[in-house]
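Visitor: Chain by chain, the residues:
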Amino acid sequence: MIESMMSDTGLPEIFLFLLGLTVFIYAALDGYDLGIGMLLPLDNLQQRHEYIDSIGPFWDANETWLVMAVGILLIAFPQAHSMVFQELYIPTAILLLGLIMRGVAFDFRAKAVTGHRRLWDRVFKYGSAMATLTQGYMLGRYVLGFEDGLIPQLFAGLSAICVAAAYGYIGCAWLVMKTEGDTQKRAAATGRRMGWLAAAGILAISLVNPFASSVIADRWFSFPEIILALPMPIMVGVLILAVDQYFKNVPTINDVGSWFPFVGVSTIFLLSFIGLAYSFFPYVIPGVMTAAESASADASLRFILVGVIIVLPIILLYTVYLHKVFWGKSTELKYY
Amino acid sequence: METEILSRIQFAANISFHILFPTISIALVWFLSYFKIRHDISGHPVWMRIYRFWVKIFALTFAVGVVSGITMSFQFGTNWPGFMETVGNIAGPLLGYEVLTAFFLEASFLGVMLFGIGRVANWVHTASTLLVAFGTSMSAFWILSLNSWMHTPQGYEMIDGVAHAVDWWAIIFNPSLPYRLTHMLLASGLTAAFLISGISAYRILRGDNKLGPRIALKTGVTVAAVLIPIQIFVGDMHGLNTLEYQPQKIAAVEAVWHTEQGAPLVLFAWPDEKTQENLYSIEIPKLASLILTHDLNGEIKGLNEFVGDHPPVKPLFFGFRIMVAIGTLMLLVSWVAAWFVWRRDFVPAWALKVLVAMTFSGWIATLAGWYVTEIGRQPWLVTGILKTSDAVTNVPASNVAMSLTMYLIVYAILLFFYLQTIFYMARKSVLVEEFDLEKLQSEERKEEQAAHGEEVKA
Numbered sequence: 586m587i588e589s590m591m592s593d594t595g596l597p598e599i600f601l602f603l604l605g606l607t608v609f610i611y612a613a614l615d616g617y618d619l620g621i622g623m624l625l626p627l628d629n630l631q632q633r634h635e636y637i638d639s640i641g642p643f644w645d646a647n648e649t650w651l652v653m654a655v656g657i658l659l660i661a662f663p664q665a666h667s668m669v670f671q672e673l674y675i676p677t678a679i680l681l682l683g684l685i686m687r688g689v690a691f692d693f694r695a696k697a698v699t700g701h702r703r704l705w706d707r708v709f710k711y712g713s714a715m716a717t718l719t720q721g722y723m724l725g726r727y728v729l730g731f732e733d734g735l736i737p738q739l740f741a742g743l744s745a746i747c748v749a750a751a752y753g754y755i756g757c758a759w760l761v762m763k764t765e766g767d768t769q770k771r772a773a774a775t776g777r778r779m780g781w782l783a784a785a786g787i788l789a790i791s792l793v794n795p796f797a798s799s800v801i802a803d804r805w806f807s808f809p810e811i812i813l814a815l816p817m818p819i820m821v822g823v824l825i826l827a828v829d830q831y832f833k834n835v836p837t838i839n840d841v842g843s844w845f846p847f848v849g850v851s852t853i854f855l856l857s858f859i860g861l862a863y864s865f866f867p868y869v870i871p872g873v874m875t876a877a878e879s880a881s882a883d884a885s886l887r888f889i890l891v892g893v894i895i896v897l898p899i900i901l902l903y904t905v906y907l908h909k910v911f912w913g914k915s916t917e918l919k920y921y
Numbered sequence: 051m052e053t054e055i056l057s058r059i060q061f062a063a064n065i066s067f068h069i070l071f072p073t074i075s076i077a078l079v080w081f082l083s084y085f086k087i088r089h090d091i092s093g094h095p096v097w098m099r100i101y102r103f104w105v106k107i108f109a110l111t112f113a114v115g116v117v118s119g120i121t122m123s124f125q126f127g128t129n130w131p132g133f134m135e136t137v138g139n140i141a142g143p144l145l146g147y148e149v150l151t152a153f154f155l156e157a158s159f160l161g162v163m164l165f166g167i168g169r170v171a172n173w174v175h176t177a178s179t180l181l182v183a184f185g186t187s188m189s190a191f192w193i194l195s196l197n198s199w200m201h202t203p204q205g206y207e208m209i210d211g212v213a214h215a216v217d218w219w220a221i222i223f224n225p226s227l228p229y230r231l232t233h234m235l236l237a238s239g240l241t242a243a244f245l246i247s248g249i250s251a252y253r254i255l256r257g258d259n260k261l262g263p264r265i266a267l268k269t270g271v272t273v274a275a276v277l278i279p280i281q282i283f284v285g286d287m288h289g290l291n292t293l294e295y296q297p298q299k300i301a302a303v304e305a306v307w308h309t310e311q312g313a314p315l316v317l318f319a320w321p322d323e324k325t326q327e328n329l330y331s332i333e334i335p336k337l338a339s340l341i342l343t344h345d346l347n348g349e350i351k352g353l354n355e356f357v358g359d360h361p362p363v364k365p366l367f368f369g370f371r372i373m374v375a376i377g378t379l380m381l382l383v384s385w386v387a388a389w390f391v392w393r394r395d396f397v398p399a400w401a402l403k404v405l406v407a408m409t410f411s412g413w414i415a416t417l418a419g420w421y422v423t424e425i426g427r428q429p430w431l432v433t434g435i436l437k438t439s440d441a442v443t444n445v446p447a448s449n450v451a452m453s454l455t456m457y458l459i460v461y462a463i464l465l466f467f468y469l470q471t472i473f474y475m476a477r478k479s480v481l482v483e484e485f486d487l488e489k490l491q492s493e494e495r496k497e498e499q500a501a502h503g504e505e506v507k508a
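Residue numbers (our numbering), protein chains in the order written: chain F, 586 to 921; chain B, 51 to 508.
Just chain F, with the same shape it has in the complex (with noise of 0.2 Å):
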């Protein structure tokens, strides 16, 4: 059935998957410095400074990955483009309202005028959460192919919550480490709370989705494939478990392995995407739109295709070294 779904030629499969890919590394990367806006301590200005000092050369090229998930959007599949938008007008103004005052609220908070500094704290706090919790509601209006009533509404209610504890989890993992001593603490004991909210939440999700989308019931409760799909689930709760388990015992002994937090919220988030990817390929809206019905020109996929296998390797490439240069714990940003 899913054959018939698909192209001739492949390249509307091969977008659909760098849209999915390009969406979860923007997840793991912008989620952890919106979770890490979203948490911001506003009783503590010293912890204020060092989770910000934590994301300061990263956001910028992190949010560059949605522009990148929107342009493929765009680009490769401009119906559904026209579509998601129209469909979520007003989310999409209030995450972008969202979005700008946060990024600016990270710059005008290093050097305004010191009195407005709290005030700049705040809009960056906030601006986190009203991004973090809009994109969480589109989600889940995406994922039930933007069907309108009161379940798909409550859905998508979930669905922010859910996508905000996740943020909330990545982020504390990132402070982990990226922080020492109280910092790091606090850091973890909120990723304890943070990760059993987003792991109800996923669960919650898992058990309602079959019921609020058709596509998924059938796609899930196929046999044999549903012995294939089962370890996916069990990965993740055994991940949940170990990262908790770490979260408990910081800080460790010479801080040892201070990275596993972050790498395993991501691969749960990894593990969850392609749970999503299965659950609806080759659609690229759920039930409504396939990548085949909504792709644009072959010529012209064909075209960006070609930069995108000699550009991204190198994106990928450069995105690791900049990493490198700010590996360990991060200290005070200052501006040289």
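Don't read these hints as lab results, they were simulated from the structure.
Values in this document were obtained by computation on a predicted structure and should not be read as measured data.
Glycine is no exception: its CB is placed at the ideal position from the N, C-alpha and C atoms.
Just so you know, not all the hints are guaranteed correct.
[What the hints assert, rightly or not] Mimicking DMTMM-like on lysine to aspartate or glutamate, the simulated pairs with C-alpha atoms at most 25 Å apart in a straight line are:
id : chain 1 : residue 1 : chain 2 : residue 2
1  : F       : LYS696    : B       : GLU483
2  : F       : LYS696    : B       : GLU484
3  : F       : LYS914    : F       : ASP767
4  : F       : LYS696    : B       : ASP258
5  : B       : LYS336    : B       : ASP258
6  : B       : LYS437    : B       : ASP258
7  : B       : LYS437    : F       : GLU672
[Said to hold, decoys possible] Pulled from the structure, derived: some chain F residues nowhere near chain B, Cβ distances all over 12 Å:
id : residue
8  : LEU788
9  : ILE819
10 : MET820
11 : ALA827
12 : ASP829
13 : LYS833
14 : TRP844
15 : PRO871
16 : LEU890
17 : ILE899
[Said to hold, decoys possible] Where chain B lies over chain F, by a calculated footprint (3+ residues, C-beta under 8 Å):
id : stretch
18 : 642-652
19 : 660-667
20 : 670-681
21 : 877-889
22 : 907-915
Following the hints, position chain B against chain F.
Guide: Chain B alone, transformed into the frame defined by chain F:
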């Protein structure tokens, strides 16, 4: 209709606000590269001082540019779905190449550029600055390629009402790209040069006697004085290119209602769309024909040849005159200031005040110019392919009104704080003490050694 006009206002508001910041940052980062390289060659700490001051302003400008640019990438879907549905096969890849070759490059190396000193070798830091500069210019290249294609499309064929690419080379290097790109890059250079001159003059007026602002002023004024005559020449060439491909735009700019030979240059008038004539006009006989056709009796096509298919006259007529007026002012101010800087090694207070007043003159000229060229393409969104009214969304007008109000409020607040912060940073820097040359140099040597040592360890 209401959704259309509101969407147009929203797009204009978004792009106008957005373009302010790239206009500065595209060229400012080349200035920064220059400061950094001068520092690397001479080892004189004053260049680093200047770099450090301006890199902060760059970071702020870049951040506002990024967040307002993200807004742009959503606008196509939210308000202009017909655009991508009709010309997506061409616009998509051009935008895609912008993201791929420019956005990641600038955003990633910006991190190294801002926070990398002490963590990377000095040459890596200089290279990062250059990579960011290259990235911002690449970004300008791709977006102007797309914009130019919308003005002068070629290299495509229409199949079932959808544009398909035939020749990518012809699409990317369409006829108006070379002029538009050069014109915009020079506009950016001038905007940054006047910003640097204006803020440095402000610091000097505030009693900053350090070497830094004086050298920055000299750099800014000199670059402005060199670029402005080139810009006037390129602008003229751009106009001739427009005359060839979009004569109705030129007819509106010059308010030529009826085709005539030996058309006068209208310096000022009140163009009246109803009666199709210019009221209160001050004209120089035959000059428009001379400028545009290089012939005193050359023929200029009037708006009467494009009935129902030409842009509104007033915004083009006045927009163009505002741009030219500011350009002329820039020529005058930068040459006078350059004369003082180079011949007298001293700029009198009145000239400094004029420079402060001109700090953001580049913004006004750039916006005026863009309004001329973009409104000048109406009623088309893509010349001859897609009308603006056919591309607009079905979203209810009330939703657009809501988002538009929100954007306007946010942009007003941001602009206020941006300007306030820049002048605040300038005032704060006045209080910084002048460096002790020998002490600083020895410290810097240590810093470099430390950075080098770290690299060896890694």
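Visitor: A separate judgement is required for each hint: does it hold in the structure or not?
Guide: Going down the list of hints, with the structure as the test:
The suggested pairing of LYS696(F) with GLU483(B) holds, with an alpha-carbon distance near 19 Å, which does not exceed 25 Å. About 21 Å separates the Cα atoms of LYS696(F) and GLU484(B), which keeps this hinted pair within 25 Å; it holds. Restraint check for LYS914(F) and ASP767(F): the C-alpha separation of about 14 Å stays at or below 25 Å, so the hint holds. Between the alpha carbons of LYS696(F) and ASP258(B) the distance comes to roughly 19 Å, so the proposed pair stays at or under 25 Å and holds.
Taking the CA atoms of LYS336(B) and ASP258(B), the gap is near 51 Å; set against the 25 Å cutoff, the hint is violated. For a cut-off of 25 Å, the pair hint linking LYS437(B) to ASP258(B) is broken: about 54 Å separates their Cα positions. Proximity of LYS437(B) to GLU672(F) is assessed by CA-CA distance (about 23 Å); at most 25 Å being required, the pair is judged to hold. For LEU788(F), the requirement that its beta carbon stay farther than 12 Å from each beta carbon of chain B is met, with the minimum near 32 Å.
A cut-off of 12 Å between C-beta atoms confirms that ILE819(F) is not in contact with chain B; the least separation is 36 Å. For MET820(F), the shortest C-beta to C-beta distance to chain B comes to about 31 Å, beyond the 12 Å cut-off, and the non-interface label holds. The beta carbon of ALA827(F) is kept farther than 12 Å from every beta carbon of chain B, the shortest such distance being approximately 30 Å. At roughly 31 Å, the least C-beta separation between ASP829(F) and chain B is larger than 12 Å, which holds for a residue marked as non-interface.
At the 12 Å boundary, the C-beta of LYS833(F) stays outside the reach of chain B, the nearest C-beta of that chain being 32 Å off. Taking the minimum C-beta to C-beta distance to chain B, about 17 Å, the non-interface status of TRP844(F) holds against the 12 Å cut. With a least beta-carbon separation of about 18 Å from chain B, PRO871(F) lies farther than 12 Å from that chain, consistent with its non-interface assignment. Not every CB of chain B lies more than 12 Å from the CB of LEU890(F), the least distance being 9 Å, so the non-interface label is violated.
The beta carbon of ILE899(F) is not kept farther than 12 Å from every beta carbon of chain B, the shortest such distance being approximately 9 Å. Residues of the stretch 642-652 of chain F with a Cβ under 8 Å from some Cβ of chain B number 8, which satisfies the need for three, so the listed coverage holds. For the stretch 660-667 of chain F, the proposed coverage by chain B is satisfied: 6 residues have a C-beta within less than 8 Å of a C-beta in that chain, meeting the threshold of three. Counting residues of the stretch 670-681 of chain F whose CB lies closer than 8 Å to any CB of chain B gives 7, which reaches the minimum of 3, so the coverage claim holds.
Requiring three or more residues with a Cβ within less than 8 Å of a Cβ of chain B, the coverage given for the stretch 877-889 of chain F holds, as 6 such residues are present. Against chain B, the stretch 907-915 of chain F contributes 3 residues with a C-beta closer than 8 Å to a partner C-beta. That satisfies the three-residue criterion, and the hint holds.
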